[in-house]
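A.B. asks: These protein sequence lines map, in sequence, to chains U and S.
The opening residue of the first sequence carries number 1 in my numbering; numbering runs sequentially from there.
The opening residue of the second sequence carries number 1 in my numbering; numbering runs sequentially from there.
Hints were generated in silico from the structure; no laboratory data involved.
The beta carbon of each residue, even a glycine, is placed where N, CA and C say it ideally should be.
Among the hints, a few may not be true.
Unchecked claim - List of simulated lysine-lysine pairs, DSSO-like, C-alpha gap at most 27 Å:
#1 Lys27(S) <-> Lys26(U)
#2 Lys27(S) <-> Lys145(U)
#3 Lys147(S) <-> Lys27(U)
#4 Lys132(U) <-> Lys145(S)
#5 Lys66(U) <-> Lys132(S)
#6 Lys27(S) <-> Lys55(S)
#7 Lys46(S) <-> Lys147(S)
#8 Lys55(S) <-> Lys145(U)
#9 Lys143(U) <-> Lys145(S)
#10 Lys55(S) <-> Lys26(U)
#11 Lys134(S) <-> Lys143(U)
#12 Lys58(S) <-> Lys113(U)
#13 Lys132(S) <-> Lys145(U)
#14 Lys27(U) <-> Lys132(S)
#15 Lys60(U) <-> Lys145(S)
#16 Lys132(U) <-> Lys27(S)
#17 Lys28(S) <-> Lys132(U)
#18 Lys145(S) <-> Lys27(U)
#19 Lys134(U) <-> Lys134(S)
#20 Lys26(U) <-> Lys28(S)
#21 Lys66(U) <-> Lys55(S)
#22 Lys27(U) <-> Lys46(S)
#23 Lys46(S) <-> Lys60(U)
#24 Lys27(U) <-> Lys134(S)
#25 Lys46(S) <-> Lys26(U)
#26 Lys66(U) <-> Lys58(S)
#27 Lys60(U) <-> Lys147(S)
Unchecked claim - Some chain S residues flagged as far from chain U (calculated, every beta-carbon gap over 10 Å):
#28 Phe29
#29 Asp45
#30 Arg65
#31 Arg107
#32 Gly114
#33 Arg116
#34 Glu141
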Amino acid sequence: MSLRRTVLVLLAAAVAAPAAADQITKKFDWSPVGGLQDVNVEVQRVVVGQISFDLGSTLKGTPVRKSSANAKVRVDNNGFIDTEVGVAVVVFDEEGNVVATGSGGTQWGYLNKGDRAHYTINFPYVYRNFDKAKTFLITLETKEKGRKAPGPAPTPAP
Amino acid sequence: MLRKLPLAVLAAVLAAPSALSAQQITKKFDYAPVNGAQDLKFELDKVSLNQIVFKPGKSLGAGVRRSDASAEIRLDNNGMVDKIVGVAVVLFDGDGNVVAAGSGGTRVGYLSAGERDTAAVNFPFVFRHMDKAKTFIVTMEMVEKAK
Numbered sequence: 001m002s003l004r005r006t007v008l009v010l011l012a013a014a015v016a017a018p019a020a021a022d023q024i025t026k027k028f029d030w031s032p033v034g035g036l037q038d039v040n041v042e043v044q045r046v047v048v049g050q051i052s053f054d055l056g057s058t059l060k061g062t063p064v065r066k067s068s069a070n071a072k073v074r075v076d077n078n079g080f081i082d083t084e085v086g087v088a089v090v091v092f093d094e095e096g097n098v099v100a101t102g103s104g105g106t107q108w109g110y111l112n113k114g115d116r117a118h119y120t121i122n123f124p125y126v127y128r129n130f131d132k133a134k135t136f137l138i139t140l141e142t143k144e145k146g147r148k149a150p151g152p153a154p155t156p157a158p
Numbered sequence: 001m002l003r004k005l006p007l008a009v010l011a012a013v014l015a016a017p018s019a020l021s022a023q024q025i026t027k028k029f030d031y032a033p034v035n036g037a038q039d040l041k042f043e044l045d046k047v048s049l050n051q052i053v054f055k056p057g058k059s060l061g062a063g064v065r066r067s068d069a070s071a072e073i074r075l076d077n078n079g080m081v082d083k084i085v086g087v088a089v090v091l092f093d094g095d096g097n098v099v100a101a102g103s104g105g106t107r108v109g110y111l112s113a114g115e116r117d118t119a120a121v122n123f124p125f126v127f128r129h130m131d132k133a134k135t136f137i138v139t140m141e142m143v144e145k146a147k
């Protein structure tokens, strides 16, 4: 095979390989301590390890209805490749009503391999029954930069 | 005492909105929009949400990862009292994964009695699997204007 043909084949393979996008959803009981709760949601070595909830407030005495209620998630990229990250949080009361929901994630570029980031998820319009929360869902959505890098090479046998 | 009175009145006025409890209702629907639009039958205390328009989106580009995916909801206040309305929309795929989630509603003031309004629910960071949506839940939260 000529060098030119080999290059073309490799190029075609690289273009055809879609950037892997994956997703997982996990449900948790609502049990924050001081607003903080440890969780473990992992996709392709990207981990949501902690979430902190802030019930927020509104600008009382003004006509502005948006709330400052939010959650902050701590996300670690323990993998070998830079990744786009999206995190959705849905908080339910015991009857299954949504009492807060929103999403946060990579604003620009990537969460680089080996890095940690904190993303804020705002709950601006549905928040008035946030104090009745009983469970919540976390969805972690990732999209890797280019192709997935190979894992570490195995140790050679003696 | 007279000097303290206005402060007490002011404090009571500022605290009043938090004392009002928010009514709430949640309903689940199959995801079946036609050209993005889906009619709903969803009502709480004479405020109805009767249409939602889904707008799947993509990243804004040039390295920006936020998406322009959103849904637009149409709210009618068919009651006699002005209200503050909040709406949460959560889309699920067939496996129960959240593929989009967000909230929208009254930004300033009230949805006046007899009025119609639309509100955007943005899905900026979790949107890449929105085309796999199978069901969605809508929660409407509402507070009446104090009389």
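A.B. asks: Compare the structure with each hint and give your call.
C.D. replies: Hint-by-hint comparison with the structure:
Distance restraint check for lysine 27(S) and lysine 26(U): the Cα-Cα separation of roughly 21 Å lies within the 27 Å cut-off, and the hinted pair is therefore satisfied. A distance of roughly 38 Å separates the Cα atoms of lysine 27(S) and lysine 145(U); the hinted pair therefore is violated under the 27 Å criterion. Pair hint lysine 147(S) plus lysine 27(U) does not hold up; C-alpha atoms about 40 Å apart against a cutoff of 27 Å. Pair hint lysine 132(U) plus lysine 145(S) holds up; C-alpha atoms about 22 Å apart against a cutoff of 27 Å.
With a C-alpha separation of about 30 Å, the suggested pairing of lysine 66(U) with lysine 132(S) is violated against the 27 Å cut-off. A distance of roughly 20 Å separates the Cα atoms of lysine 27(S) and lysine 55(S); the hinted pair therefore holds under the 27 Å criterion. With a C-alpha separation of about 17 Å, the suggested pairing of lysine 46(S) with lysine 147(S) holds against the 27 Å cut-off. Between lysine 55(S) and lysine 145(U), the direct Cα distance comes to roughly 25 Å. Compliance with the 27 Å bound is thereby established for this hinted pair.
Under the criterion of a C-alpha separation no larger than 27 Å, the hint pairing lysine 143(U) with lysine 145(S) is inconsistent with the structure, at around 45 Å. For the given pair, lysine 55(S) sits about 26 Å from lysine 26(U) by alpha-carbon distance, which is consistent with the 27 Å threshold. Among the hinted pairs, lysine 134(S) with lysine 143(U) is consistent with the structure: their alpha-carbon atoms are about 22 Å apart, no more than 27 Å. Annotation: proposed proximity of lysine 58(S) to lysine 113(U) holds, straight-line Cα distance about 24 Å (limit 27 Å).
Distance restraint check for lysine 132(S) and lysine 145(U): the Cα-Cα separation of roughly 22 Å lies within the 27 Å cut-off, and the hinted pair is therefore satisfied. Our distance criterion of 27 Å between C-alpha atoms is met by lysine 27(U) and lysine 132(S), whose separation comes to about 20 Å. Of the supplied pair hints, the one linking lysine 60(U) and lysine 145(S) holds, its CA atoms being roughly 14 Å apart against a limit of 27 Å. Straight-line distance between C-alpha atoms of lysine 132(U) and lysine 27(S) comes to about 18 Å, which keeps the hinted pair within the 27 Å bound.
About 20 Å separates the Cα atoms of lysine 28(S) and lysine 132(U), which keeps this hinted pair within 27 Å; it holds. Taking the CA atoms of lysine 145(S) and lysine 27(U), the gap is about 35 Å. The hint is violated against a cut of 27 Å. Simply put, lysine 134(U) and lysine 134(S) have alpha-carbon atoms about 25 Å apart, close enough for the 27 Å limit, and the pair holds. Between the alpha carbons of lysine 26(U) and lysine 28(S) the distance comes to roughly 19 Å, so the proposed pair stays at or under 27 Å and holds.
Note on lysine 66(U) and lysine 55(S): the hinted pairing holds, with a Cα-Cα distance of about 23 Å set against a maximum of 27 Å. A C-alpha spacing of about 33 Å is found between lysine 27(U) and lysine 46(S), which places the hinted pair above 27 Å, so the restraint is violated. For the hint pairing lysine 46(S) with lysine 60(U), the CA-to-CA distance comes to about 26 Å; that is within 27 Å, so the pair holds. Restraint check: the Cα-Cα separation between lysine 27(U) and lysine 134(S) comes to about 19 Å, which is no more than 27 Å; the hinted pair holds.
Distance hint between lysine 46(S) and lysine 26(U) is unfulfilled; the C-alpha atoms sit about 35 Å from each other, more than 27 Å. Distance restraint check for lysine 66(U) and lysine 58(S): the Cα-Cα separation of roughly 26 Å lies within the 27 Å cut-off, and the hinted pair is therefore satisfied. For the given pair, lysine 60(U) sits about 17 Å from lysine 147(S) by alpha-carbon distance, which is consistent with the 27 Å threshold. Separation of phenylalanine 29(S) from chain U is adequate, the least Cβ-Cβ distance of about 14 Å exceeding the 10 Å criterion.
For aspartate 45(S), the condition that its CB be more than 10 Å from all CB atoms of chain U holds, with the nearest at approximately 14 Å. Not every CB of chain U lies more than 10 Å from the CB of arginine 65(S), the least distance being 5 Å, so the non-interface label is violated. Annotated as non-interface, arginine 107(S) brings its C-beta within 10 Å of a C-beta of chain U; the closest such distance is 6 Å. With a closest Cβ-Cβ approach of about 19 Å to chain U, glycine 114(S) is found to remain outside the 10 Å limit, as its non-interface label requires.
Every CB of chain U is more than 10 Å from the CB of arginine 116(S) (nearest about 18 Å), matching its label as outside the interface. Against chain U, the non-interface label of glutamate 141(S) is violated: not every CB pair exceeds 10 Å, the least being about 5 Å.
Figure legend: structure checked against the earlier numbered hints; hints not met, in rising order: 2, 3, 5, 9, 18, 22, 25, 30, 31, 34.
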